[in-house]
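Peer 1: Sequence:
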Amino acid sequence: MKIKDIINEDINRLRQDVITQIQTTDDEMLLNRIFTVLNQTGLTERISSILHRDTDTKNYLNMLTQLIIQTEGTYEEKNAFVVGYPKGYINVPAMISGNMVTFDELITGIPGTPIEFVKRVFYALAGSQNDKGPGELALAVLSPLIAISGRGDLKIGKMEVEVKGVSPTGTGGGRMGEAGGKDIPYEQNPAILMKYTGKDYSAANAHVSDIPKILAEIEDPKQRLQCATELFTYIFRGKVNVTAMAQQAANGQSVIPQFFAANYEVYKQRHGFDSLMILDFKLGRLRNYTDPMVMINDIGLPNPYITGVHVDRGSIPQLTFSKKAKK
68 MKIKDIINED INRLRQDVIT QIQTTDDEML LNRIFTVLNQ TGLTERISSI
118 LHRDTDTKNY LNMLTQLIIQ TEGTYEEKNA FVVGYPKGYI NVPAMISGNM
168 VTFDELITGI PGTPIEFVKR VFYALAGSQN DKGPGELALA VLSPLIAISG
218 RGDLKIGKME VEVKGVSPTG TGGGRMGEAG GKDIPYEQNP AILMKYTGKD
268 YSAANAHVSD IPKILAEIED PKQRLQCATE LFTYIFRGKV NVTAMAQQAA
318 NGQSVIPQFF AANYEVYKQR HGFDSLMILD FKLGRLRNYT DPMVMINDIG
368 LPNPYITGVH VDRGSIPQLT FSKKAKK
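Quick note, in the numbering used here, the sequence shown goes up one by one and the last residue is 394.
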């Protein structure tokens, strides 16, 4: 028998095996997968043609197309997803409203939209391997009104939005700054405290909450205020007015909320965003903030280090919803 005949015989046998399996199975998921694979070329072309019109996602085109194809769902759901795609699936007004928004409120569409499939795509995008954080690409892909930005993470109209996301597995959360003192420096903190207290705090894991207690060691009220002013001016690079915060700390009062607000302002100035959004895929909700004092109610009181061995990373507040955050 010739090799060509052997190959043809094997192909015919394989074809018959596939047909037999399709005829005898009642597994709808398997049938839909087979149907999707058989029709993948046409669906891929349609998805690619739509995504290619979006300049913000064209660099991720192949990855996005395959991710949508591979997301669990019927061929009909995927086809309906493509049909409804140009109108977008994100409720943008709700997203930027400043209210706590659940993903059920966030994901929207036109009649006939396969919402559950859209949610699966949304979560798949958030968990994909790319150079964006959890959420940015997912939001930008699912709405023509949301663009990937070079300044913040997203651009909505003229609004630049910085996004801090928690992945579907619960990892991430993002921090309000960069390690290494790019946003909030800390190297000179021990020297400033030594100058006024005479004590070495370089190895002491001191937090923002410890500042009033440290200042209390300085007997002269004027020196106490001067130390606080110098410390806060250095930490916030002279970018914000620290007069009231320094006076409060010198008087023995907590300055955690004010410290956080100043941190937010410096971070905002450095990165050029208009609002900061926390996007939590594990909890299924998000909130967009323009006021750090509102944010602090949702994340709890951040109490970062100002000195010590952990200060490099620990000087930067982590942004995740606390258990007390209102739904």
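If you're looking for bench data, these hints aren't it; they were derived computationally from the structure. Hints are supplied without guarantee of correctness; some may be wrong.
[Unchecked claim] Dumping the calculated EDC-like pairs for lysine to aspartate or glutamate here, alpha-carbon to alpha-carbon at most 16 Å:
#1 306 to 286
#2 249 to 341
#3 391 to 365
#4 222 to 341
#5 390 to 358
#6 335 to 254
#7 349 to 171
#8 262 to 227
#9 266 to 277
#10 262 to 245
#11 306 to 250
#12 306 to 287
#13 225 to 341
#14 262 to 287
#15 335 to 358
#16 186 to 172
#17 186 to 227
#18 391 to 379
#19 249 to 365
#20 262 to 284
Peer 1: Work down the list of hints and note, for each, if the structure agrees.
Peer 2: Results for each hint:
Distance hint between residue 306 and residue 286 is unfulfilled; the C-alpha atoms sit about 29 Å from each other, more than 16 Å. Straight-line distance between C-alpha atoms of residue 249 and residue 341 comes to about 20 Å, which puts the hinted pair past the 16 Å bound. Pair hint residue 391 plus residue 365 holds up; C-alpha atoms about 7 Å apart against a cutoff of 16 Å. Taking the CA atoms of residue 222 and residue 341, the gap is near 10 Å; set against the 16 Å cutoff, the hint holds.
Distance hint between residue 390 and residue 358 is unfulfilled; the C-alpha atoms sit about 20 Å from each other, more than 16 Å. For the given pair, residue 335 sits about 22 Å from residue 254 by alpha-carbon distance, which is inconsistent with the 16 Å threshold. Between residue 349 and residue 171 the alpha-carbon distance is near 13 Å, which keeps this suggested pair within the 16 Å criterion. A threshold of 16 Å between alpha carbons decides the hint, and for residue 262 with residue 227 the separation of about 41 Å lies outside it, so the pair is violated.
In summary, the hint linking residue 266 to residue 277 is supported, as the alpha carbons are separated by about 14 Å, within the 16 Å threshold. With a C-alpha separation of about 27 Å, the suggested pairing of residue 262 with residue 245 is violated against the 16 Å cut-off. Distance restraint check for residue 306 and residue 250: the Cα-Cα separation of roughly 11 Å lies within the 16 Å cut-off, and the hinted pair is therefore satisfied. At most 16 Å may separate the alpha-carbon atoms for a hinted pair to count; residue 306 and residue 287 exceed this at roughly 27 Å.
Our distance criterion of 16 Å between C-alpha atoms is met by residue 225 and residue 341, whose separation comes to about 9 Å. Straight-line distance between C-alpha atoms of residue 262 and residue 287 comes to about 13 Å, which keeps the hinted pair within the 16 Å bound. At most 16 Å may separate the alpha-carbon atoms for a hinted pair to count; residue 335 and residue 358 meet this at roughly 11 Å. Distance hint between residue 186 and residue 172 is fulfilled; the C-alpha atoms sit about 11 Å from each other, no more than 16 Å.
Only pairs whose Cα atoms come within 16 Å are accepted, and residue 186 paired with residue 227 is rejected, the gap being roughly 25 Å. For the hint linking residue 391 to residue 379, the alpha-carbon distance of about 28 Å lies beyond 16 Å, and the restraint is violated. This hinted pair does not check out: residue 249 and residue 365 have alpha carbons roughly 26 Å apart, beyond 16 Å. For the hint pairing residue 262 with residue 284, the CA-to-CA distance comes to about 12 Å; that is within 16 Å, so the pair holds.
The structure fails to meet hints 1, 2, 5, 6, 8, 10, 12, 17, 18 and 19 from the earlier list, while all remaining hints are met.
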